[in-house]
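Asks: Sequence:
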Amino acid sequence: MVRQTFEEEEAFQRGHDEEVARPPKPKRPKTQKGKIEKEKEKEKLENSEILEDMHIGRVRRLVTPEIHDGSLLIGTVRDVTEEELTLTLAYHMVAFVQRREASESQKSLLELYEPGQMVVAVVLAVSEFGGRRLRLDASLRPRLVNAGLTAQKLQKNMWLPATVVGEEEHVLSLDFGIDVAGLVKKTEFRGKVASAGSIVMVAVQAVNASVKCSLASSEPISEPLEPALLKAGLLVAARVKSISDEGLVVNFCGAGGIIHSHYERRAKTIRRIKRPEEQLQPGSLVTLRVRSIAGLQLLCSAPVHVRGHVHATQLVDIGDMANHGAMPLQRLRSARILEARVLRTKQRDSETGKGDKICHVELTCRPSLMDPKDASEYEKALVRWPLLLPGTRLVAAVVSVQKSCIWMEVAPGIRGRVALLDLSPDLSVLRAVAEHFKVGQVFQAHVLRAVSSRKELDLSLLDFEAQKTCVGKLRKVHEGEAAAVFELPGRRWGSVHITELFDVWAKRPTQRLHVGSLHEVAILNDKEKLEVSLRQSQVHGHKEVQEEKRPKSAEELKVGQKVSGYVVSAVPQGVFVALSRSLTARIKLKALSDMPVMKEAVAKMHPPGSLLRDIIVVQISEGRVELSLRTGDGPGGLTCEQLSVGDVVSGKVKAVEPYGLFVRLDNSNVDAFIHKSEIADSASITVNSYAVGAKIHQAKVLKVDGSRVGLTIKPSNFSGEELEEDADSDEMPEMQELLAELQKTRKKGKKRKAEAGTAAKEAKTKEREQEGDAEVSEEEPWQPVQKSAGASFEFAEFKVDSASSSDAADEEDDEQTLQLSKRQKKAKRKEEDKELQKQEAENADGRWADDPQSVEDFERLLLTQGDTSIVWIRYMAFHLKMSDLEKARQVAERAVKHVGFADSKERFNVWVAYMNLECTFGSDETSDAIFRRAASHNEAKQVYMQLARIHERNKKPSLAVKAYEACTRKFPQSKKVWMSFLGFLYQTGDAEGARKVLPKSLAALPRQKHPVVVSKAAILEYQHGSPDRGRSIFEGLLDSYPKRTDLWSVYFDDAHIKAHTPPKVPDPDCKQIRPLFLRCCAMPLKATKMRFFFKRWLDFEMKWGDAQSQEQVRAKARDFVESL
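All residue numbers for the sequence shown refer to full-length UniProt numbering, where the first residue is 1 and numbers rise by one.
No wet-lab data here; the hints were simulated from the structure. Hints may contain errors.
[Unchecked claim] Straight-line alpha carbon distances no greater than 25 Å define the calculated BS3-like cross-link-like pairs of lysine-lysine that follow:
1. 107 <-> 1071
2. 590 <-> 703
3. 468 <-> 970
4. 1058 <-> 1103
5. 552 <-> 604
6. 529 <-> 562
7. 107 <-> 185
8. 881 <-> 976
9. 473 <-> 562
10. 1000 <-> 956
11. 543 <-> 975
12. 941 <-> 970
13. 941 <-> 976
14. 695 <-> 652
15. 881 <-> 975
16. 976 <-> 905
17. 1009 <-> 1043
[What the hints assert, rightly or not] Using C-beta positions, here's what the derived DEER-type ranges look like:
18. 992 <-> 449: 41 to 51 Å
19. 476 <-> 1043: 38 to 48 Å
20. 528 <-> 708: 29 to 39 Å
Note that the structure is a prediction, hence the values are computed from the model and not measured. Each residue gets a CB set at the ideal place from its N, CA and C atoms; glycine is no exception.
Make the full structure from the sequences, and use the hints.
Replies: Next comes the structure, spelled out in structure tokens:
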């Protein structure tokens, strides 16, 4: 109520000013006042004195101009949609509450609110247009409604809104938005319990550590309250002081006010229309009596023989519409009198047969046309077929709603169709059309196509001018460059390039598409032939990583760069690869592989639509890009210019011809030729001794002539050192196996001889020792330097033993050698010979392969085990032991680029080791770069989770949290990701953070994955959080899935029993466990499931119970079997 003088009130949301003031009373002649008049005058004087005593002043009804931001109002819910609530306030006023201001719950507003529900709202904004207040935007958030209240100011029976923030076993936790928490029992809710995030009205029952509330209170507040605590919605006890024409003057809570009588407008007298031809001209203002609502029209009449109708589209203006689906006819259901303007008039004969004429008047109530206008303006307001041109904007009302479209009327008798894609740019709306569109709603639409001869009209509710994204329907899928064809809003069509389907480079991307499905697409151009994209970075503006960027032109590439793309065409001359929608590159036939490729096999090897990764850019000229799949074309490859006569190289046999061998040199794209005369010194080895793909470990360059290289592999052309080096470094696996067998045979033979000659050897040894002691008795005896045992080095998930520095040992040996005598030097040479013999024996036994101790050992080991990740990881660890980080990085680069990785798991292990290296010893920039490379070469989810585990092991919780959050954004539908995140938060003591993550995971995951994630969270609550909370979570989960024995098993074994038995507690607490078994065994389930429960119970009693408890379980089991 507002304390001001009574003035004219403005009608709210009618679209025009409506006079509602009381008519002036006629002046009466001055006569002597009678007794009744004197009593009324006296009563009026007394009422004014009472109001003055209560400091109210003259009271008037609440009107729209007096409402401002922050005003607190009470109202009831009138309409509920997916996007907003419509509230009915006092005196026919209306307010709107947006989705985000009505609830923080994930549920639909249709599930949270229902018409007639009482709410308290605070005004957020009052929108004005042309000096008139047209819209009230309000909020139901308790933080805004309860502003100014504190825990000390709360009193019993105060009605306040609160947000449900949590759910426990028997109560709901409430938040009043003012640092005051509350509790309300679940039994207060008759029916469906409010979900987290919903807003409820509660009455305060008690105020202590936490406010106890209820949903109903029959005791109003009677104690005096401060003026600031008088909130809208409070239930108060009022005392009537007096009764007047304006209403009841009352006292309540130490304040005063007035309760108005129900406000009704005085019905206007309907004047008779005597001359319809003159009085019912276009633009004439008429007053008619409302009869009924039929379909989309409001029917009315006036005396005599005047019938009028107003279509729903003639109740609102186009410019004033916010396309939310207003229902103007609903506001007129209780109206009795209607003022409108005439659009046109038709006459017909009356059915009475007396020659009377009946006038049918088409009317408009649009606010812009209620003021007097020229007759031509009213002619333009009439919708006719000739005026329905493409692009015309108009108002349309919903007639019927179907699954694939809706039908709308733009005028009486003119009906149009709105296709599914033209309804909304929101994909969720199109999947549930019936929930978002109702008969009678009015929208702003524009014409797509109109054929008056066939009465066909196509409409759209979308604004194409400002539209950059929309929803499209997949119609066709191709394997070529244009991978898919989409039907778009506005009767348009668009094609999707194969590189615009996904941000990631996916294998066979077209196989993930299904004809008829709906997708959000981004429009890339405004040409006649539209090009669209399905990539999330284009649709939603997500940031692109470096590997996902598409080059727009050849200028963005450089020679030696590695790129990815899709095959769009495969011909005998080569393959064309699409790098983006605007750039296509070529791979020539000779560059498709290191091995020769037949022309007929090109299309089979690289079919259209297949993905090619790590293609090397070898040439860029005049906007054309040449690519290569050959390993030697990469940066650092060997070229003909780098070769000279006498160089020793290696390679693989590429082709075998009668006149010689063609060899592809390692780490290059150079093909060399070995003549048949340069193959061997003997005639027994010929070109037929080599197969295609055979390894040539050592070949010497004989001739270099431009791009032609001649080689020889004849042993006679190599020096002894070269042959010896080849034997040491390039030993074949077959030879190693042969040596191993020989060593075993040799050891068996020597073992027998060793036992017989042990005594003789001991005697000789003693004699040598005595001789040696006699020779060096004058000098200090020489002792060989002992190797110190180094500390072990732990790298990633592998542990490698450290070794002493060979350089330091050599320096010490040199210093001691200078101080030794001749006899000591002689003894040292003997020891060195023994050590050399020992090393040779170890090499012959292959011990260097089990425990490599030098760079040479690792390089030799890589020749035979280069495809094994553990060798590369130990090699990196070896360099890190020597504090040589750069060499460790070089080994890591060699490992990830090694062409022999046929197993994805081995490749992933090397990338993980590289990430460990950079995260432990590198900078943030280097570690991030390696992480992104690893994600592009392996399964991205594994790489993201491995990065989080690395930060977790390195004791960097903040970086681990960021990594897990990025992983959940990248893979929101992976339960493994969410479960790992929850486990990390609980294990690090952040139980509150984990509890906030759990609702997010359930909102992102499909419903079928919820039980596993919720059960995991409950187990973690038992282990690291609150066992009571964990039990509540399990109970709620099993209420929804009572027949899931796997969930019961987890509840029994992994959570509840462990929490109440040793070693968690000193003594088993059977009182906490047996009631759970009793409840399970009383459920009406099948015999197989009940057998599971009885067996679990018996196992528990056999471990922690006694003979009596075991017999009780068996008895209950027998009772169950007998009851079947």
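Asks: Need the status of pair residue 529, residue 562: alpha-carbon distance at most 25 Å?
Replies: 32 Å, violated
Asks: Within 29 to 39 Å or not, the Cβ separation of residue 528 and residue 708?
Replies: Violated, since residue 528 and residue 708 (Cβ atoms, about 54 Å apart) do not stay within the stated range.
Asks: Hinted pair, alpha-carbon criterion (25 Å max): residue 468, residue 970. Please report holds or violated.
Replies: Between residue 468 and residue 970 the Cα gap is close to 24 Å, so the pair holds against 25 Å.
Asks: Within a Cα-Cα threshold of 25 Å, do residue 1009 and residue 1043 meet the stated pairing?
Replies: 16 Å, holds
Asks: Take the C-alpha atoms of residue 695 and residue 652, compute the straight-line distance between them, and say whether it is at most 25 Å.
Replies: 5 Å, holds
Asks: Next pair to validate is residue 976 with residue 905; report whether the Cα-Cα distance is within 25 Å.
Replies: Holds - the C-alpha atoms of residue 905 and residue 976 are around 19 Å apart, at most 25 Å.
Asks: Given the proposed pairing of residue 1000 with residue 956, does the C-alpha separation stay at or below 25 Å?
Replies: Holds, at about 24 Å.
Asks: Quick one, are residue 552 and residue 604 close enough, alpha carbons at most 25 Å?
Replies: Not OK: residue 552 and residue 604 at ~29 Å, beyond 25 Å, violated.
Asks: Straight-line Cα separation of residue 881 and residue 975 no greater than 25 Å?
Replies: 39 Å, violated
Asks: Does the structure keep residue 1058 and residue 1103 at a Cα separation of 25 Å or less?
Replies: 13 Å, holds
Asks: Quickly compare the C-alpha distance for residue 543 and residue 975 to 25 Å and report which way the hint goes.
Replies: 24 Å, holds
Asks: Holds or violated: 41 to 51 Å for the Cβ distance of residue 992 and residue 449?
Replies: Since the Cβ atoms of residue 992 and residue 449 sit about 58 Å apart, the hinted range of 41 to 51 Å is violated.
Comparing the model with each numbered hint stated earlier shows that hints 1, 5, 6, 8, 9, 15, 18 and 20 do not hold.
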